[in-house]
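Trainee: Protein chains in written order, with my numbering: chain A, 1 to 205; chain B, 1 to 191; chain C, 1 to 346; chain D, 1 to 235.
Bear in mind the hints are in silico, worked out from the structure with no lab data behind them. None of the hints are false.
Dumping the calculated DSS-like pairs for lysine-lysine here, alpha-carbon to alpha-carbon at most 27 Å:
1. B:K166 to A:K200
2. A:K13 to A:K201
3. D:K212 to B:K124
4. D:K176 to C:K255
5. A:K68 to B:K91
6. B:K92 to A:K68
7. B:K124 to D:K50
One-sided excerpt, in silico: chain C residues whose CB lies under 10 Å from chain D:
8. T146
9. T147
10. G188
11. F192
12. E193
13. G311
Derived CB-CB ranges, DEER-like:
14. A:F161 to D:D120: 19 to 29 Å
15. D:R19 to B:P65: 30 to 40 Å
16. D:L18 to B:S94: 32 to 42 Å
17. D:D120 to C:I333: 26 to 36 Å
A virtual CB, placed ideally from N, CA and C, is assigned to each residue, including glycine.
Here is how the chains run, residue by residue.
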Amino acid sequence: MSATKSYSEEFLKGIWKENPVFIQVLGMCPMLAVTNTAVNAIAMGVATAFVLLGSSILVSLLRKVIAKPVRISTYIVIIATFVTVADYSIEAFSPALHRELGAFIALIVVNCLILGRQEAYSSKNTVGFAIVDASGMAIGFAFALFCLGATREILGFGTFFGSPIFGEHFEPWVIMALPPGGFLMLGFILLFFNWLEQRKKGAAV
Amino acid sequence: MSDLAWIFISALLVNNFTLYYFLGLCPFFGVSSKVSVAVRLGLATIFVMIITSLAATFLTTFVLPHAPYLKLISFIIVIASTVQFVEMVIKKLSPTLFRAMGIFLPLITTNCAILFLALTQTSKEYTLVQGLVFALGAGGGFTIALALMAGLREEGELSKVPNIVKGTALNMIIAGLLSLAFMGFAGLFSA
Amino acid sequence: MIKKPMQLLLQTSPFLRRGITTPRLMSEVVIATIPVIFAACWYFGLSALLLIFASVAGAMLTEWFFTPKKSSTQPSNSLLDGSGLLTGILLGLTLPPGMAMWMAFLGGVVGISIGKLVMGGLGQNMFNPALVGRAFLQAAFPTAITTWNPPATSPGSLESFTAIRESNLAAPFMQSSTDAVTTASPLGLMKFEHEPTPWFDLFIGNTAGSLGETCAIVIIVMGVIMAIRRDFDWRIPVSILLAVAAFSAIPWFIKPELYPTPLGMLLSGGLLFGAVYMATDPVTSPVTPKGAWIFGASIGLLVVLIRLWGGLPEGVMYAILLMNAATPLIERIAQPRVFGRGRSAV
Amino acid sequence: MKEVELTCSATAKEPSALRLVLTLGIAGLISGFILVFVYQYTAPIIAANKAKALREAVFKVVPNSAYLQELHYKDGELVRVADESGGEKVQPGEILYGAYGPDSGFMGYAIVGSGNGFQDTIRLLYGYDPVQRAVLGMHILDSKETPGLGDKIYKDADFVSQFSPVLVDPSVELVKGGRKADNQIDAITGATISSDAVVKIINNAHQKWDDKTKGAPPKFVPPPPPKEKEKDGNE
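All chains, please: the whole structure from these sequences, using the hints.
Mentor: Here's what the structure looks like:
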């Protein structure tokens, strides 16, 4: 950990260079299941962001207190707490959204991204950096979810945020709203990133 | 079709945890490069699922009515300790088996399929027996998906895959095609 | 197990005299589809040609677009080996006559791109590309692909041949206008109405269904010819058909009024077409004789399972795709034992 | 994947047992504090949301109703759950709802049924009039049917409106190509299994409740003026 790292760099890396979904391919379980519409994707992104931010702050604050051998258990307890808070809040303030997302809110607990950030970053950095890193990662994650959700909604339902965009005669590609569509769409997006990567390499050579 | 058989088939094929609900993707992609390893991990997962199911039934009957907000925390603690327990038992009983799959055991803790199992059987109010059958079906379905995936990936290693597809992108597309094939099971024994 | 991209040695029988090169095999199978295409035109008119043209165009254009223009690994142009053409024809033959052409085109694109090119091209695909295309279409447009038109009332006549279905010509990405005359396929009739179709109609193909699947007699004849010429392993279609007959006989004996006869099961739907043209793809089926038996019997079992107790009336496509996925596992089980070594672990 | 190294690398230097207990204790304390606070705050809102959703669903499947009360079958008649059950808890599956008009007159029952659909379990609520012997309306509470196809069981207004009303004798029947009798439902094209599941669920639920709903419906008892001290289980 060098002392020269800047807040903006730590923030931006999560969004693009180390994007948790596109580059690191983390936390796929809860994301594929709920990204069949843009709204669901954003809601899931916000809920994950809340949990990530909350637990990162807490872990960073407690980093001197937490004893090494029990740190994973401690992280999990902290994460589970924030997930429960998110779960109850969504159920209280938007029952419709809660019905859509269902058990997948609770599954944020086992999202490898969150536990990974605690272990790799928050437990070793000051609160300020932890917040910056968590927000960057959270925005990167939410952005990826949104990309997936939006493309799947546009193709799968012919709508964007619920309003039709192709006129009434559009024939929706139902598959995109179904599980295989989730796998394939993420596969294509990863393919696209690989292609970008390769083109960059090709240009460098 | 009787209730129990439907719960089993539904979890095994129709609503396959991995290919329909996207659960357990980390081990699904992480540990599916060899068939032998995949099957072993699948069996260990079935075992942990069964114990988790028992524990979840116990918790929902005796503890959670008094403190519903502890649901998530208690489940995750139960899963983590079950995995630890299984690890210890296997180490004691069969060091050979432990060495063969020891590394994969801790992975099961972060397998969301297990937490989902506990949550689903609670929200569907399954009885003890229904819960066990559900766990057996879900674990079996995970094992089938994992074994198929591993077989295909071993085969894929022999072929000249274009560079930009290599890695997770290809795995994701194979998983998509598997999931597409599993759609044939939709509605099985529902009538 | 080592795969060579261009030359596919079939080790089906011990007395095989010649290695069959890919282009030769492909052209034989392509020729073998011509009678089926003819039967499709006989019953469904120009629609058949339009749809096959669209899916072939989709497949070939995709193949052309993604093939490296100057590549050292691929000495001959993969466009010319005929595999893309075959995928397109087979896909077109599995579509219902009223399908929109743009959907058939899309199916060809998807089948070739994610069914074949992504996996490394010819000989490397894990699933049958034509079926990948069709499964994609089935999941994407479930209504369009299960809307069946009845066969022409006077098959073969000029007017029924030239009467183009309006739904074929729907603008890309738009819904196809629902054709006035639709009907249920024999399998649908049996499943939901418990109404069997006369076996002779099934035999000559005078029923609703996908373009290439209705005319049983043509498929059987071509299958026998191809088996004799060793274009594929005869064990696969034989084991599929035997398994379907055996497994469907049991429920039929118990409740004949509810379940179809084994003969009806064999002749209806895409079973014959799938068994002869799809399941026999040498790349996606096991190479050992024992493996072929296991592969075929499993397909038969799955077909019966999905048709009789599943949500869909037809399950041949899914059965073949599922067993394509299981082929590597079957190869492990059915591997001949090597002396001096134990069996490989499952 | 990364967790493997994490859990295995915990052998650096052993802190005292007290330290471990203290760490987990602090984490537990903080988490417990947050959880109880959030739960206290959200539980009543969640309960109110659920009650509101139920009311709306019941009023939808029993037209012109404005009040409801929970009923269950006990000793040969339907009684209110609230005052008759005493200490014993009524299983959720044994509850049905009586719906009453603005003048407290009995309008019909709302019954929950569930069964296997194309993909997963379907739960639905239907209104039932024991005098007319007809279903008054149907509302899907929970289903995972295929988007664009099976989900028409609740998105397709034409399909849903067929249930208001449909006669239950001899049983609700699924047909294709238009309904011809008052006990028939026209299947959704391409989603026969899902349509069939809905009809079957109603028939099964009707069989279960038919005899129990033949007696005179219980009178509506206006709820006592709202008393806000009904929180349960907050230890």
